[in-house]
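Dock chain Z against the given chain D, drawing on the hints supplied.
Going down the list, the protein sequences come from chains D and Z. All the letters of the first sequence, read from the start, carry residue numbers 1 to 273 under my numbering. All the letters of the second sequence, read from the start, carry residue numbers 274 to 573 under my numbering.
These are computed hints drawn from the structure, not numbers from a lab. Honestly, I wouldn't trust all of these hints.
One side only, chain D facing chain Z, incomplete, derived with CB under 7 Å [claimed, not checked]:
| # | residue |
| --- | --- |
| 1 | Phe-9 |
| 2 | Gly-41 |
| 3 | Phe-43 |
| 4 | Pro-45 |
| 5 | Pro-48 |
| 6 | Phe-87 |
| 7 | Phe-101 |
| 8 | Phe-113 |
| 9 | Phe-119 |
| 10 | Leu-123 |
We treat Cβ as the ideally placed atom computed from N, Cα and C, and that holds for glycine.
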Amino acid sequence: MKASHRVRFEVVAILLALYFLLPFYWLVQSSTKDIQQLMQGTFVPGFPNHFIDNLLGVFAYNHGLFIHWLLNSFLYSGVGSVAGTFFAAMAGFAFRRYRFFGRKFLFILILGFALVPGFATTLPLFIEFKSFHFLNTGWSIIVPSVLNVFGVYLMAVYWNQVPEEMFDAAMMDGTKELSIFLRIGLPTILPGVTTVLLLSFVAIWNNYFLALIMLNRYEAFPLILGITTISSASGWPVYNLTLMGAFLTALPLLILFTTLQRFLAPQLTGSIK
Amino acid sequence: MGSGFRRFSGKADMRRFQTVRAYLFLLPFLVFFILVTAFPVLYGGYLSLFGQHGAKMWFVGLSNFKSAFTDPLFWQGFGMPVFLLLVQVPGMIVIAIFIGLLYERIRHSVVYRLIFYLPYAMPGVVAGIVWSYIFSQSMSPLVPLWNLFGVAKPIFITLSSVRWILLIIILWEWTGYTSLIVYSTLVSIPKELGEAAEMDGATWFKVAYYIKVPLLRNTVFVLFIFNSIGAMQVFNEPRMLNILLNLPQNYTPAMYLYNQAFAYGSFTYSIAMGLVLAAVIFVISFFFMRQSMKELDVHA
Numbered sequence: 001m002k003a004s005h006r007v008r009f010e011v012v013a014i015l016l017a018l019y020f021l022l023p024f025y026w027l028v029q030s031s032t033k034d035i036q037q038l039m040q041g042t043f044v045p046g047f048p049n050h051f052i053d054n055l056l057g058v059f060a061y062n063h064g065l066f067i068h069w070l071l072n073s074f075l076y077s078g079v080g081s082v083a084g085t086f087f088a089a090m091a092g093f094a095f096r097r098y099r100f101f102g103r104k105f106l107f108i109l110i111l112g113f114a115l116v117p118g119f120a121t122t123l124p125l126f127i128e129f130k131s132f133h134f135l136n137t138g139w140s141i142i143v144p145s146v147l148n149v150f151g152v153y154l155m156a157v158y159w160n161q162v163p164e165e166m167f168d169a170a171m172m173d174g175t176k177e178l179s180i181f182l183r184i185g186l187p188t189i190l191p192g193v194t195t196v197l198l199l200s201f202v203a204i205w206n207n208y209f210l211a212l213i214m215l216n217r218y219e220a221f222p223l224i225l226g227i228t229t230i231s232s233a234s235g236w237p238v239y240n241l242t243l244m245g246a247f248l249t250a251l252p253l254l255i256l257f258t259t260l261q262r263f264l265a266p267q268l269t270g271s272i273k
Numbered sequence: 274m275g276s277g278f279r280r281f282s283g284k285a286d287m288r289r290f291q292t293v294r295a296y297l298f299l300l301p302f303l304v305f306f307i308l309v310t311a312f313p314v315l316y317g318g319y320l321s322l323f324g325q326h327g328a329k330m331w332f333v334g335l336s337n338f339k340s341a342f343t344d345p346l347f348w349q350g351f352g353m354p355v356f357l358l359l360v361q362v363p364g365m366i367v368i369a370i371f372i373g374l375l376y377e378r379i380r381h382s383v384v385y386r387l388i389f390y391l392p393y394a395m396p397g398v399v400a401g402i403v404w405s406y407i408f409s410q411s412m413s414p415l416v417p418l419w420n421l422f423g424v425a426k427p428i429f430i431t432l433s434s435v436r437w438i439l440l441i442i443i444l445w446e447w448t449g450y451t452s453l454i455v456y457s458t459l460v461s462i463p464k465e466l467g468e469a470a471e472m473d474g475a476t477w478f479k480v481a482y483y484i485k486v487p488l489l490r491n492t493v494f495v496l497f498i499f500n501s502i503g504a505m506q507v508f509n510e511p512r513m514l515n516i517l518l519n520l521p522q523n524y525t526p527a528m529y530l531y532n533q534a535f536a537y538g539s540f541t542y543s544i545a546m547g548l549v550l551a552a553v554i555f556v557i558s559f560f561f562m563r564q565s566m567k568e569l570d571v572h573a
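Looking at chain D on its own, in the form it has when it is part of the complex:
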């Protein structure tokens, strides 16, 4: 390949990188500005720097509402992803290990229902949860979040890579099925488990629609919903606090993605947004 070609490709790559980095840079530099500085519409960080003010401001917002949101986000995503991944691993194990009655039918049924969009299930779920008295509580977020259908699909793929001999050898030793699953199976597919766990953590963290439907009480909001409601007492938007909130909402995910990138390779199983 000619050198001039290479240069041209690299210029294109740099231009694309600028486009992809622009909102990140703008969000970070905005976190240093108060409202007046934001209105000047520049790319330069604020001087004097208001980063600490904004940070304190967002934590002080409505008597510490933001702390509730932060803890809620970790609670919902943590419980939902751990339980959901474990149950998905169990279900995937069942599909891999056993030839049972209704196996194929069940798999098609699960995949079929998984394709029903959230918009068709969330409203009936809202009415169902109303009768359970789940609305406005963490249950209304955690219970739907534990279900991870694509996790089962991914787990089935990972389990299929475990050779039959491994199970047979364990059976010979008289190991119980539950031990085979816990002690031999799970460690073998640990990279897959990590991937499903991280993907579902991110998916729950980002699930705006579910929270929007189920929650009406500010203290129960996760970050993703909370930050969209930040406003002054008279109802006006407070841009600097919204942006700081947005920054803090995205930060844990950015850390996850940059440090654990190898587990978060794109999966051809739809979106997490």
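Just chain Z, lined up with the frame of chain D:
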């Protein structure tokens, strides 16, 4: 004779044993699956047959569906998904293929791969907020940039420009992700294929177009379906733009559903429209289902 009989009963026993074990392992998942998906879908189907005003409900048969099919606001809402389907999805896949090929040709490609992938890590809601501010009249830092490019009037978010800004946001979110999927397919293509052609004097473009792109067929096919499903359901980003702009209540089908239920209180009508939307998506997904069944080989 006896042993043959025993073997038979052994097989049946084995199957029963396996079935019991399998369902024990499936139980926790199935409980949540029924509670959160299977029952709500069926319950939604039932509720869609009722008229409703506040807490009052009465049976109306299929009349909600009849209303949905003849509701111009509902179908106008599909304008946005169709625009994404015709412009964003093919555009993004073409750009992603180009970027995928680019990764093979540039230095430090691992750095670029991470940078291009990062937008995927940003929640859609945050992306919506940040981009809408970037294009807002009050805060936009882009004004000098437009001057630089000789655009007389700076581009702000307005009712007429909003679909293009939405396009910019969605491309920003998904192109890097898509390019990585393309790249992982490209990596699996034997290098010799392209190298041999280049030895014979084929240009970079010819190698890409005639040798590599055809091998991406299946990937492109799956990408197209996934992105079409996503386009049909678009909600978060336009809803965030809605903060700065008063978008019509039916800007997308999902927004119309939400507004009908929570702004106008027409729950059962909204549920019926949700089922129609599901049917539209199901038709698109059907092909994907068959594809993934083949790959996973659950027939065994």
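Against the structure, the hints come out as follows:
At a threshold of 7 Å, the smallest CB-CB gap from Phe-9 of chain D to chain Z is about 5 Å, leaving the interface hint in force. Of the supplied interface hints, the one on Gly-41 of chain D holds, with its beta-carbon coming within about 5 Å of a beta-carbon of chain Z, less than 7 Å. Interface restraint check for Phe-43 of chain D: the shortest CB-CB distance to chain Z comes to about 5 Å, inside 7 Å, so the restraint holds. With a cut of 7 Å, the hint placing Pro-45 of chain D at the interface with chain Z is violated, because the nearest CB-to-CB distance is about 12 Å.
Because the closest C-beta pair between Pro-48 of chain D and chain Z is about 19 Å apart, greater than 7 Å, the hint is violated. With 7 Å as the threshold, the beta carbon of Phe-87 of chain D comes within range of chain Z, its nearest partner Cβ sitting at about 4 Å, so the hint holds. At a threshold of 7 Å, the smallest CB-CB gap from Phe-101 of chain D to chain Z is about 5 Å, leaving the interface hint in force. For Phe-113 of chain D, the suggested interface contact is upheld, since its CB lies about 5 Å from the closest CB of chain Z, less than 7 Å.
For Phe-119 of chain D, the interface hint holds, since its Cβ comes within 7 Å of a Cβ in chain Z; the closest pair sits about 5 Å apart. Below 7 Å, beta-carbon pairs count as interface contacts, and Leu-123 of chain D has one with chain Z at about 5 Å; its hint therefore holds.
Hints 4 and 5, counting from the list given before, are not met by this structure.
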